[in-house]
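Colleague: Okay, here's what each chain looks like letter by letter:
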Amino acid sequence: MMPPSRERYHTVVVGAGIVGLFTAYHLARAGVGPVLVVDRGFLSGGASGRNGGGVRQQWETAATVRLARESVDAYRRFGGEFGYNIWFRQGGYLFLAESPNELERLRRVRTVVEREGLRSRELTRSEIPRYANGLELDGVVGGTFLQSDGTLYPFPAIWGLYETVRSLGVEVLLGAEATGVSASQGKVRGLHLATGPVATDAVVNAAGGWSSEFSRRCGLAPSNTPTRHEILATEPLKPFLDPMVVRLSDGLYFSQTMRGEIVGGLTLSHPPGTAPGMPSSARFLRAMSRALTQLVPRLATLGILRAWSGFYDDTPDGLPLIGEDPRLIGFFQANGFGGHGFMLAPASTRRVAQAVLGQPSDLDPALFGPGRFLGPPRERPVEGAQLG
Amino acid sequence: MASPRGTTFRFGSRRVSVPPSRSLLSALMGSHLPILQRSIRYHRPRAPFCGVGQCTNCLIRVNGIPNVRACRYVPSDGDFVETENSWPSPAVDLLSALDVLLPGGIDTLRGFRRPAWATPLYHRVVRRLSGYGRLADPGQGSPPPVGSRHDTDVAVIGLGVAGAAALRTLQEHGANALGIERGSVEPLPGTPVLPGTAAAFLPPPVPGPAHPWRIVCVERGSRGVQVRARAVVVATGGYDAGLWFSGSDRPGVMTAEGALSMTGNGGRGAFRKAVVFGGGPRAADLLDRWGALIEAVVAPGAVSPEVSEKASALEVPLYPRTLLLAARGRRRVRAALLRSRAEGTEFAVEADAIILAHRRLPHPQLYFQAGAKMEWRHSAAAYFPTLREGTETSLPGLFASGEGAGFLGPTAVEASGVAAARQAMGMPAPAMDEGSRVDATAPNEIEGYYRELLTGRRVGGKWVICPCEDVLLSEVEEAHALGYRGIEVLKRYTGVGSGLCQGRYCLPDTLLLLARLEQRPAPEVGYITQRPPVTPWSLSAFATLPEDGEPEGPG
Ligand SMILES: Cc1cc2nc3c(=O)[nH]c(=O)nc-3n(C[C@H](O)[C@H](O)[C@H](O)COP(=O)(O)OP(=O)(O)OC[C@H]3O[C@@H](n4cnc5c(N)ncnc54)[C@H](O)[C@@H]3O)c2cc1C
Ligand SMILES: Cc1cc2nc3c(=O)[nH]c(=O)nc-3n(C[C@H](O)[C@H](O)[C@H](O)COP(=O)(O)OP(=O)(O)OC[C@H]3O[C@@H](n4cnc5c(N)ncnc54)[C@H](O)[C@@H]3O)c2cc1C
Ligand code: FES
Chain L
1 MMPPSRERYH TVVVGAGIVG LFTAYHLARA GVGPVLVVDR GFLSGGASGR
51 NGGGVRQQWE TAATVRLARE SVDAYRRFGG EFGYNIWFRQ GGYLFLAESP
101 NELERLRRVR TVVEREGLRS RELTRSEIPR YANGLELDGV VGGTFLQSDG
151 TLYPFPAIWG LYETVRSLGV EVLLGAEATG VSASQGKVRG LHLATGPVAT
201 DAVVNAAGGW SSEFSRRCGL APSNTPTRHE ILATEPLKPF LDPMVVRLSD
251 GLYFSQTMRG EIVGGLTLSH PPGTAPGMPS SARFLRAMSR ALTQLVPRLA
301 TLGILRAWSG FYDDTPDGLP LIGEDPRLIG FFQANGFGGH GFMLAPASTR
351 RVAQAVLGQP SDLDPALFGP GRFLGPPRER PVEGAQLG
Chain A
1001 MASPRGTTFR FGSRRVSVPP SRSLLSALMG SHLPILQRSI RYHRPRAPFC
1051 GVGQCTNCLI RVNGIPNVRA CRYVPSDGDF VETENSWPSP AVDLLSALDV
1101 LLPGGIDTLR GFRRPAWATP LYHRVVRRLS GYGRLADPGQ GSPPPVGSRH
1151 DTDVAVIGLG VAGAAALRTL QEHGANALGI ERGSVEPLPG TPVLPGTAAA
1201 FLPPPVPGPA HPWRIVCVER GSRGVQVRAR AVVVATGGYD AGLWFSGSDR
1251 PGVMTAEGAL SMTGNGGRGA FRKAVVFGGG PRAADLLDRW GALIEAVVAP
1301 GAVSPEVSEK ASALEVPLYP RTLLLAARGR RRVRAALLRS RAEGTEFAVE
1351 ADAIILAHRR LPHPQLYFQA GAKMEWRHSA AAYFPTLREG TETSLPGLFA
1401 SGEGAGFLGP TAVEASGVAA ARQAMGMPAP AMDEGSRVDA TAPNEIEGYY
1451 RELLTGRRVG GKWVICPCED VLLSEVEEAH ALGYRGIEVL KRYTGVGSGL
1501 CQGRYCLPDT LLLLARLEQR PAPEVGYITQ RPPVTPWSLS AFATLPEDGE
1551 PEGPG
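For the protein sequence lines, the chains are L and A, in the order given.
With this note's numbering, the residue at position 309 of the first sequence is 309, and numbering never jumps.
To convert a position in the second sequence, counted from 1, into this note's numbering, add 1000.
Quick caveat, the hints were computed from the structure, so don't treat them as lab data.
Treat each hint with caution, since some may be false.
[As the list claims (entries may be wrong)] Dumping the calculated DMTMM-like pairs for lysine to aspartate or glutamate here, alpha-carbon to alpha-carbon at most 20 Å:
| no. | chain 1 | residue 1 | chain 2 | residue 2 |
| --- | --- | --- | --- | --- |
| 1 | A | LYS1273 | A | ASP1285 |
| 2 | L | LYS238 | A | GLU1082 |
| 3 | L | LYS238 | A | ASP1137 |
| 4 | A | LYS1373 | A | GLU1350 |
| 5 | L | LYS187 | L | GLU7 |
Please construct the entire structure, taking both the sequences and the accompanying hints into account.
Modeller: Written out as structure tokens, the structure is:
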């Protein structure tokens, strides 16, 4: 393994997923001193190379809607700026409710979304077929639809960022594990790598599902929990489905990629953990196949091409940690994105970079601050729209 | 059901009558392999390649169900068969103009970005080009039958030479055993077998002491079967490798296995003058069967005495130590372009088929899925399970036999099946002769072959190294040049190996290419994680998979 080329960096980012690379990009654009990104795995080996590519702006928390909307704009411009086509297709997100209660939840989201100036639609059951083909709607009472949501290919986003940050002078070290920080007087002084120490005043924890592990290694009790989530892709079909479809009752979500594959998953109660290998289980394949063939019976004969899994980095309130950790000056959290880090990354990481640069941020620390779980337990808002 | 007199089905507007229990492919065979399919990106013509249900080249629509494999499907009376993904027909597809207009391929990674306002249009066009079949007709997804479960003491997966020997041994000892075979099998009195059933390992959710092994299977493509066993004998054999050359995806290029399954069994011929590529036992076998239809035998290295004897008796020209540079011909193979490795001279042999018989590869998937320790055997340039004693793998209760475990030649293959069965019953391990396994250190022919082929002057035309996804050789080389390293990343960057064959025909060679480019041993370049189910299994198969006492459903 190669050691870094310098002894001191302005900032070291741990994790070269979408969050780490976007953070490095914003820092490099701001023209700070040298930036190093380290990742112990390979490029796209974390959740950023294992996700469903869904991008939506329908949230219960207005601040999240704003982050998502800003990110949608960033992804629309991505091809022009980063040289890679991420095939961001705004085919919409269709949420399906199967009970008055679920419909009520969707309406709450819709109120927030509309207040933020996005035009979402409430659909009756009979209107749904106009938006998605082939669904068996027994049991569905209604839904909501937002056209400007969509799907993208995660991989080219990683390639485009990787090449762009490097061209901006950021050093990206792959196969390099961060094992902890050195600190004195409550301030970060450097980072430990397997090859030796590097000096820096700022470390960004963008280790995704391993962010808790890394926080712990830095002596900070984590607030996040990694949970394993499985997903599958089918054989490609000619295009028939435009939106991402999400069913509230079981968290079933699926969309059709540009290549024609159906990609999706659903929520299972998995014991949290970070077992290596990230295997798929019979339990998931069965539950997913049942749910999908029940909602789209015409897919029953379609082959599953592959199945895999990755980690959500979950927080107690469903909102990410963005900003400096109050327990250690110079230690910045950029994690806890659950199943939504890709869609929130462009805007969230801009705030991470602002925090590193000591610039003011428009984010409410009570909602996103890494210190919000410290101290005595309090009532706090929870982001309820966590599915899909 | 086919009537004893024959089967009549509709193929587009034609009515076709064939003898019963023939595959759809042999029913549609004319004087050549039929072009049933167009490729996903460039709409290049594709005809059956593997003949055994493992590639992407014979997908067809039957009774409103897309992506059915013609080489495996046996038509019934009244079936309605249509081609897909082409207009007006797979033989003459207008979209294939793309292929001609864009000799360097389409750059889906960096292309179609500008102008931004055209994005929706690009999306519409590119989506329409991709995908294979259309969504199934309504009513075709009728609720699938309920799956079944079998508990057994010893399960044998794959009932070829080794597996059949294992099952026979188990039966002779009165063991409680169950055989699982993807293809068809002769019934074995007294021992249950599941024919038409493909097996895979998924992580065992509840490792019970009595039946720690969980095997998930799909029966006839649609029904889930769960098998729980105390011990498992894996005997899944091997397959014929693909080969890279310009136009290697042209109709008429096929594996030896494919040629056998498509032309054997009284079927009409898939070719009339074939070039056989390979100089070992497979080539000898092909000469025995179809000497008169073979135009030349071309071998990457030396040919065996057996092959040269047979070829000279049949007056078939022999070209040892020769590179296969290209398949010439627009719609299908018309000639093979060759280059002598010694003299560097180039010449063409007219042919309507190129049969790949140069290299066998093991089926390692089940071992990988089970998490057994694997080792790279250089002479075969492939992974095999590491064996501890006799046929026992690193995992207690998992035994490896046959070609897939590296045993060579009919005697050793059969002996390994018998040994595995005995060990699975807890009997002592018979000594296995290490010399009967694939050599771990001997030099390997294919690496030197590719070094010469790929660093020498390259013949033009598309080198489609991953025919399922239409990935070009140049794309992998470019990714390497941009600094992307390791096969996991290259796979994600180029899409190589992510199609319907799940890398069977492209990843072994990609690994060798990367090993050379990255200047490190192939095992360090990585091995693609074997993602279940490996061969596409239908959603209904998993939907009917019996439950196993795990906590179920959403939570
Ligand atoms: C199945 C699944 C489906 C999903 N679907 C969606 C979706 O549709 N839309 C969406 O927006 N999001 C989705 N997500 C979530 C999204 O993928 C993640 O939130 C996002 O990718 C997180 O990015 P990241 O950069 O923080 O983490 P990652 O991409 O996981 O990157 C973290 C990196 O840190 C490295 N690392 C960890 N520890 C160390 C260390 N000590 N030293 C050095 N390096 C280290 C790892 O190797 C890894 O590469 C999904 C996730 C999964 C698992
Ligand atoms: C035409 C031909 C000529 C050959 N000539 C020679 C020769 O001259 N000399 C020589 O040494 N070798 C030769 N071989 C190789 C020879 O076939 C093998 O040595 C021998 O068949 C290996 O036996 P096996 O039991 O390991 O595999 P196989 O006989 O191939 O049996 C494997 C079985 O497993 C089944 N299977 C695979 N995966 C699964 C799964 N997931 N689930 C369920 N079932 C599965 C397959 O359908 C197959 O029936 C030849 C092979 C062929 C096809
Ligand atoms: S020829 Fe039918 S799948 Fe390969």
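Colleague: Indicate, hint by hint, whether the structure satisfies it.
Modeller: Results of checking the hints against the structure:
no., hint, result
1, LYS1273/A / ASP1285/A, "16 Å, holds"
2, LYS238/L / GLU1082/A, "15 Å, holds"
3, LYS238/L / ASP1137/A, "13 Å, holds"
4, LYS1373/A / GLU1350/A, "46 Å, violated"
5, LYS187/L / GLU7/L, "18 Å, holds"
Checked against the numbered hints listed earlier, the structure breaks hint 4 alone; every other hint is satisfied.
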